[in-house]
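Peer 1: Going by my numbering, the letters in the sequence shown line up with residues 7 to 137, in that order.
All the given hints hold, so there is nothing to weed out.
Below, simulated SDA-like cross-link-like pairs (lysine to any residue); rule was C-alpha separation at most 25 Å, straight line: (1) K37 with C104; (2) K37 with G70; (3) K37 with P96; (4) K37 with T120; (5) K37 with S113; (6) K37 with H79; (7) K37 with C109; (8) K37 with P124; (9) K37 with M65; (10) K37 with G106; (11) K37 with D100; (12) K37 with E66; (13) K37 with G62; (14) K37 with R59; (15) K37 with L90; (16) K37 with V72; (17) K37 with Q54; (18) K37 with A63; (19) K37 with L53; (20) K37 with P111.
Think of the hints as simulated: they come from the structure by calculation, not from any bench.
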Amino acid sequence: MIGLCLGLAGAVWAQLPLPAFTLAWNHTIEKIRWEEDYEVTPEGVLLQEARVRGTGAGMEIPDGAVLHDGAWHYRRAMPALQPLRLGRTPEAGDYQLCDGAECHPLSRWLGPPTASQPAVELWSCEVEGQR
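From just these sequences and the hints, can you work out the full model?
Peer 2: And the structure:
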């Protein structure tokens, strides 16, 4: 089964049997929540839609965004990412990974963000034991 791998430079730290997920975080300065919905495909993780709940430093609302339920919704046409690289530091706080029903910090699978390991990558992979 195709799923989501978390790690760095091809080293797998965790595997999740997810066909899709939402990546969420709070802007480090403005403390405004951002959310991005991804589909996990054999080509990589494909951005479906993104939402932001406000504007601020470096947080311009993209052209064509629509305000709905208190958030600006928008889509960006871009190829699947393989991998999706995220900066992850103690100062910025942790990302949340949501499976549709629940959200959990990445620290659930990876431990807390550390200055010595300031990045993580997400990519589509064959999830072991889930074929």
